[in-house]
Amino acid sequence: MFSDGFPYLLCSTASVDKVNQDIGTDVVTYRNFRPNILVDGVSKPYDEVSVMLQIGYMFKSLPKETA
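Residue numbers for the sequence shown, in our numbering: 514 to 580.
Do not rely on the hints blindly, as some may be mistaken.
Label-pair restraints from in silico Cβ distances [unchecked claim]:
(1) Asn533 with Tyr570: 19 to 29 Å
(2) Asp535 with Gly569: 32 to 42 Å
(3) Gly537 with Ile568: 16 to 26 Å
(4) Gln567 with Gly537: 32 to 42 Å
(5) Gly569 with Val540: 31 to 41 Å
(6) Ile568 with Thr526: 17 to 27 Å
(7) Lys557 with Pro520: 31 to 41 Å
(8) Gly569 with Asn533: 25 to 35 Å
(9) Tyr521 with Gly554: 14 to 24 Å
Honestly, the hints are just simulated from the structure, not real lab data.
Beta carbons: idealized from backbone N, C-alpha and C, even for Gly.
Make the full structure from the sequences, and use the hints.
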């Protein structure tokens, strides 16, 4: 997904952990992705779950990445 597709970039700590697990190191942090929103406390990476984001009174169903 390209960063110009949406006005925000969401990143979860579980996704960053999965990247580090896949490459066999722990040098990648959320800062490498420069997210607007960082989600912590989820057990699975973002691409494995459906996400409904609420900020104030706004609800947004976040699309999954498409290849």
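If you test the structure against every hint from before, which numbers come out violated? 1, 3, 7
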